[in-house]
Amino acid sequence: MTSDRPAGAGDRRRLALITVVTVALVTLPLVGSSYLVSVATLALYLAYVGQAWNVMMGFAGQLSLGHSLYVGLGAYVAAGIFVHFGVGPWAGLWLAVAICSAVGAFIGLLAFRLRISGVQLSLLTVAFAELARIGFDHLDWFGGPGGLFLRVGDRNHIDLLGFRGPPAMYYYAMLALAAGALGVCALLLRRRPGYYWRAIREDEVAAQALGIDTFRWKMLAVVLSSAMTAIAGVFFAFYNNSLFPEQIFGFGRSIEIILGPVIGGLGTLFGPIVGAVALVLLGDGTTEILAKAGVDLPGARQVVHGLVLLLVTIYLPNGLWPPLARALGFQPRRL
Amino acid sequence: MPLLEVEEVSKAFRGLRAVAGASFSVEGQSITALIGPNGAGKTTLFNLVAGVYRPDRGDIRLRGRSIAGLPAHRVCAAGVGRTFQLVKPFAGLSVLDNAIVGALNGERTVSGARARAVAVLERLGLSGKAEVAASHLTLADRRRLEVARALATRPSLLLLDEMMAGLRPTEIDELVGVLRNVQREEGVTILLTEHVMRAVMALADQIVVLHHGEVIARGEPAAIVRNPAVLDCYLGEDATAGEPGA
Ligand SMILES: Nc1ncnc2c1ncn2[C@@H]1O[C@H](COP(=O)(O)OP(=O)(O)OP(=O)(O)O)[C@@H](O)[C@H]1O
Ligand SMILES: [Mg+2]
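Residue numbers (my numbering), protein chains in the order written: chain A, 147 to 481; chain B, 23 to 268.
Think of the hints as simulated: they come from the structure by calculation, not from any bench.
SDA-like mimics (lysine to any residue), calculated; alpha carbons at most 20 Å apart, straight line:
1) B:K110 with A:E350
2) B:K110 with A:D359
3) B:K110 with B:L189
4) B:K110 with A:G264
5) A:K438 with A:V450
6) B:K110 with A:G340
7) A:K438 with A:L182
8) B:K151 with B:A162
9) B:K110 with B:Y75
10) B:K110 with A:D349
11) B:K110 with B:G147
12) B:K151 with B:A113
13) B:K151 with B:V109
14) B:K151 with B:R136
15) B:K110 with A:T360
16) B:K110 with B:S157
17) B:K110 with B:A155
18) A:K438 with A:L427
19) B:K110 with A:S263
20) B:K151 with B:L189
21) B:K110 with B:A152
The following block holds chain A by itself, in its conformation from the complex (with noise of 0.2 Å):
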């Protein structure tokens, strides 16, 4: 255990790496460009979701290929009472998270009550977002296939209270939730639930001759996922400011939000944000070579991130943060 030993070069190495990147990343708007800013924040924005997918899937092994469903239930909630009601992204927050949290307990209910698990599971999540895609485009209060645009604000001005401001805001409020939800996870996984859900994972009959009640530690993970998930979308709303249905509840969207902790390690705590990191580096890195070579592919993207999955799939089925913590000087620890 980690705890008996005495501290060694390895933990002065490792405390080393952990301030160098803590101030790299609070230090990044003052020193970056403001396309790096972006890209940044993008990784960040990616690296949450991922996390919050890999409570449901990577930690309790319940697989949701929707989870765009919650992105876009959050954002649209949030932006719709902005639009229509004045009402501000912090009390829209709260409703997000409530709807999202109980859409999320009735896919559970469904799925769990039913049996259902694996690959139908993820058909039935699919079909939930696809619902939603297909529903919004109906919802004329939504702005419907033509959209839901918000009031920009001033980007010169700070104005925490109605989210509204320069980039490097959206970057600061991206970076704490990534960091606030690594230390809600890493926490998590210490205690009972981390150790509960692990086991469901592993073996649900053998859970629940334990005296593990599956049934209520799955809901936990689907609810805690999809309040987690709906936070990004209210973010997303008020960083992007406009909301097509196509766009936000689409199949691919569910794609890139479980393409972090996959490539990442699947079930680790720093997985989803290496392999956010991992996918917008070489994903915005190709494109910006092939602007600057003046060469225009569009999907050149998808196709990067094609081909990481790929390999990572093939060479490091456990992901990329395994290796690399390791190499790296952290204990690999299995989780």
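On the provided structure of chain A, position chain B with the ligands as indicated by the hints.
Okay, now just chain B with the ligands, sitting in the frame of chain A:
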């Protein structure tokens, strides 16, 4: 009052009567062996006690309280731990984490559960492998882990389903010693199924014989191995030597 009472319990699978009106009881602080040919209904009976299935008929009582039809996690909470004939380790977790999951049943904190898990692994002789992934264990150690995990829940009744199948004779002898120790030191009552008669004779205070889902004999081991009905359907000529039906 006996610790466990099984009363006229029946369970059919699409017309196939797996357990047919079985009755027996298990006294506290004892080891009872449930034996019988393949397909006699032993595992089904375990699953009925452990809450995997609800009996079609009959009642199952633990310390006089009915547990028939309770879901598996509530049966565990009531004090029944069980192992699986086909072992079900949490393969991706360490041996210690496997045991901690079980220990959390009776402990309020993770640190309390960790202490209980460490003690149980010690008892089962798995201390040296605490940090190993469960998927890396040998079959004999996986069986031990099954017992450790169940024991960690602090059961009053432990159901062990064919711990010895596929093990080498030396491994069997070791496990017999460990189980006897577990029963004595932990004060737990054991109900086990087993085809390896050497292990049954070494462990059991009482034997219950199941055939076609019915209890055809019950009593002390010495009497059971001479019972003509049992010899006829299961044990055959050389009762204590072979491994019939395996
Ligand atoms: N889930 C099930 N569905 C249908 N039939 C089943 C099921 N479980 C058991 N059976 C049948 O019930 C009968 C009893 O099986 P059981 O596994 O209880 O026997 P057993 O005494 O444990 O045998 P063994 O010594 O081989 O482990 C068998 O005929 C088996 O095929
Ligand atoms: Mg059996």
